[in-house]
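Colleague: Spelled out from the first residue to the last, the chains are:
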Amino acid sequence: MFPNFRLSMAWLHTWFGLVLGFVLMVVFFFGSLSVFDREIDRWAIPQSRFEPQPMPSFDRILLPVFKDMKPTPEAIEQARSRVDGPMAETFPVQRWGAYTTHRDPVLGLFSGHELPHAKNKDDSVFGTRTIDPRTGAALPDDHLKIGSQFFYPLHYSLHLEWKNLGYWIVGFAALAMMVALVSGVVMHRKIFRELFTFRPKKHTQRSALDLHNLTGVVALPFHFIFALSGLVIFGGIYFPVTHTQLEPLYELHEKHEAQETGLPHEKAGVPATLASVDAMVAEAQRRWAAKGMAGDVGFLAVQHVGDANAYVSVYRAGTDRVTLTGEGIHFKGSTGELIREDPPVTVVAGINNFLTGLHLQHFRHWLLRWLYVLGGLSGCVCIATGFLFFVEKRKRQHAKQAVSGARWVDAFAVTTVTGMLIATFSMLIGNRLLPTDLPARGTMEQYLFWGAWVLACAHAIWRTAPMGEARMSPAWAEQCWTAAALAVAAVLLNWVTTGDHLLRTIGSGYWPVAGVDLALLAAAALAVVAARRLRRRALGPSVQAKAARSPEVANA
Amino acid sequence: MATITASRLHIVARIAAGTVGSYAFTWGFIALGIGLLFAAGMPFHDAEALGYILGFIVLLVAFLWAFCAASLVRVWLVLAGGGALMAGAASLVQKALL
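In order, the protein sequence lines correspond to chains A and B. FYI, in my numbering the residues of the first sequence are 1 to 556. FYI, in my numbering the residues of the second sequence are 557 to 654.
The following block holds chain B by itself, in its conformation from the complex:
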């Protein structure tokens, strides 16, 4: 087993980034995906289904990346920041459609 070069606190922070961060990122991805695909004329349930199928792959990649990226700050910025941006954009798309 690899020698753990990081402190306990750092590991907890990584796990938090991996779970909470990648969840937030995936939420934003699915929301924006459904919004954009529906706006582009795809049937609603298709947009949902495609959002979920791709979303869980995105979740997997985001989760893995959170543990191997060098900078924890960058992980949080990209995952939480990106998630919030995409979710915000999804709400704007929704507003435009209603």
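Isolated chain A (complex conformation):
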């Protein structure tokens, strides 16, 4: 297609980077926020602002809650098309699970239930509940965990659940990220020099490219590994080989595995009671301690509930290492006797767990967490400066030829840089302003998020006219001011509605909430700096030379 290799790489970099870049901005930004998803949850649900709790007693706290759990109305509604005939009234329970991390005050529980008359006999429906692990009291279902249930899934599914469409778009964007990194390296070649080159006082096109190269090269291993490990984590979605073409082989392996591990694949059909799970947990912790490992329980599950084949699996929380760990220990449910201790992982599993663990970060290491945020935000800067370079390079020519290409790209760049901040902050403001007992409160918060984003996009398109004369769109500065005002408003509203102002949260060392407030204020400060520099630039060409590009920095 092109005369040489480098030109074809340049073409790929420009066009795939541009089109998928808008998706990658979302992935990198909300991925960065997901590093602190649990902390954002604390900010959004004031009832959950207490210290992280260990896994509570199963026998005293969890069992009564589990026995009370049913499939959620939404799960039943979604299952309607998957059954023949009318929907059943009762759903026999199959399994229970409880999952927590070292950053969770509240505990998430789920239950899996049989789906009677299902078209696929292995189909099931799920119930979920969040409790205060100190008392077992349930937290309201319609209070959205904005960090872990909205921002986090947004970064890998875009909340487009239909046919997993969002996963596929993000997966393609991840491929485009790797393509952009490889082609970027081919295009520039002077990799080492770019590590030290940033000339903010040169003209915009030059300094945008410097920053683009700098952030791309400095964090290149980070960007590449995150794109790759993200794809590997959802490999089963992108290449469902073992659930389609090689399904028979998979079934064969499942049967072998059940025989090898002694963990029953099917239930026996004979009712049985459950022995003390607390005793099993204590035994598991004793075994981990004997191996010199931290003994916090991360995941606790009961399979084939109420059946003679029931078994209890106790997994370790991986707070002490990067790799995804578990060291699962499994007990017979009716007697509590040990069935199996997971063997040491193989080399391949070790590599896979490390890649996965590196992406999912279950470890307890706050500095490393902040480095993740910096890595993710440097990805945002890299992509945003790519947009700016694209626009700067073409805007004069497009203005002369009356072509609107650069205008559209600029409008979408505004939407995905400052517009994304406006949407995020609007959601947090809505979270503090909506009445606590409002039904479907979480849904309203999501509408606010998308609504604000659509408005920001409309504004960015509307204000783009000066681009027709090769001048800068005023939307950048206007949205910077808006984002700054919204961020400050969110901090103030947190104070007014909960009484948790910064002096109090910092004073008492409650960093989850103090951290979110401080991050909001830092974002506001950067947005103000960016807006002021943009205005200076708009005022005159003499000042223009001095002004650095900085709207993208506001992403922090």
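The hints are simulated quantities; they were obtained by calculation from the structure and are not laboratory data. Using N, Cα and C, we set each Cβ at its ideal position, and we do this for glycine too. Some hints here could point you the wrong way.
Said to hold, decoys possible - Just so you have them, the derived chain A footprint on chain B, three or more residues with Cβ under 8 angstroms: (1) 586–599; (2) 604–610; (3) 615–621; (4) 637–648.
What the hints assert, rightly or not - Simulated restraints, written as ranges between beta carbons of each label pair: (5) L653(B) to P271(A): 34 to 40 angstroms; (6) E51(A) to K651(B): 55 to 61 angstroms; (7) F50(A) to G638(B): 54 to 60 angstroms; (8) A569(B) to G292(A): 34 to 40 angstroms; (9) A652(B) to R321(A): 36 to 42 angstroms; (10) R80(A) to G638(B): 39 to 45 angstroms; (11) A626(B) to V454(A): 40 to 46 angstroms; (12) G638(B) to E51(A): 55 to 61 angstroms; (13) E89(A) to A572(B): 17 to 23 angstroms.
Stated by the list, open to error - One-sided and incomplete, this derived list gives chain A residues near chain B with beta-carbon spacing under 8 angstroms: (14) L249; (15) T346; (16) V348; (17) A349.
Got chain A sorted already, so can you dock chain B onto it with the hints?
Modeller: Quick look at chain B alone, frame taken from chain A:
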């Protein structure tokens, strides 16, 4: 930016080869990889994991190659043909194992 020496149709055909072709090739690679590794005695989940990790690298290389190879016909032959061959071989391996 490089002057585009190819027609619009050719670009669409390249993008199709890059996406559909490299997907088919990678599918075949992962399927055959899992089949062969499992047949060679590797635990099933290890074979899957290794198939995915290597598979996404193969996808990246196939995608890049689809855009810089000279002949589009060769790209389609190698990617779609190779993918189909490997997928077929994977099914044969599966048949032998069951």
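Colleague: If a hint holds in the structure, say so; if it doesn't, say that too.
Modeller: So, going through the hints one by one against the coordinates:
Interface restraint, the stretch 586–599 of chain B with chain A: holds (7 residues with C-beta to C-beta distance below 8 angstroms; minimum three). Interface restraint, the stretch 604–610 of chain B with chain A: holds (6 residues with C-beta to C-beta distance below 8 angstroms; minimum three). Three residues within the 8 angstroms Cβ limit are the bar, and the stretch 615–621 of chain B against chain A gives 4, so the coverage statement holds. Only residues whose beta carbon comes within less than 8 angstroms of a beta carbon in chain A count, and the stretch 637–648 of chain B has 3; three or more means the coverage holds.
Restraint check, L653(B) to P271(A): a C-beta distance of roughly 38 angstroms satisfies the suggested window 34 to 40 angstroms. At roughly 57 angstroms, the beta-carbon separation of E51(A) and K651(B) lies within the given 55 to 61 angstroms, and the hint holds. Checking the proposed 54 to 60 angstroms range against F50(A) and G638(B) shows it holds: the Cβ atoms sit about 57 angstroms from each other. Between A569(B) and G292(A) the beta carbon distance is about 59 angstroms. The supplied range of 34 to 40 angstroms is therefore violated.
About 40 angstroms separates the C-beta atoms of A652(B) and R321(A), a value consistent with the hinted range of 36 to 42 angstroms. Distance hint check: the CB atoms of R80(A) and G638(B) are about 43 angstroms apart, consistent with the given range 39 to 45 angstroms. A beta carbon spacing of about 45 angstroms between A626(B) and V454(A) agrees with the range 40 to 46 angstroms that was offered as a hint. At about 56 angstroms, the CB distance of G638(B) to E51(A) agrees with the hint of 55 to 61 angstroms.
Roughly 50 angstroms separates the CB atoms of E89(A) and A572(B), a value that falls outside the hinted 17 to 23 angstroms. Annotation: L249(A) was flagged as interfacial toward chain B, and the flag holds, the nearest CB pair being 5 angstroms apart, inside 8 angstroms. Of the supplied interface hints, the one on T346(A) holds, with its beta-carbon coming within about 6 angstroms of a beta-carbon of chain B, less than 8 angstroms. Below 8 angstroms, beta-carbon pairs count as interface contacts, and V348(A) has one with chain B at about 4 angstroms; its hint therefore holds.
With its C-beta approaching chain B no nearer than about 6 angstroms, A349(A) sits inside the 8 angstroms limit, and its interface hint holds.
Comparing the model with each numbered hint stated earlier shows that hints 8, 13 do not hold.
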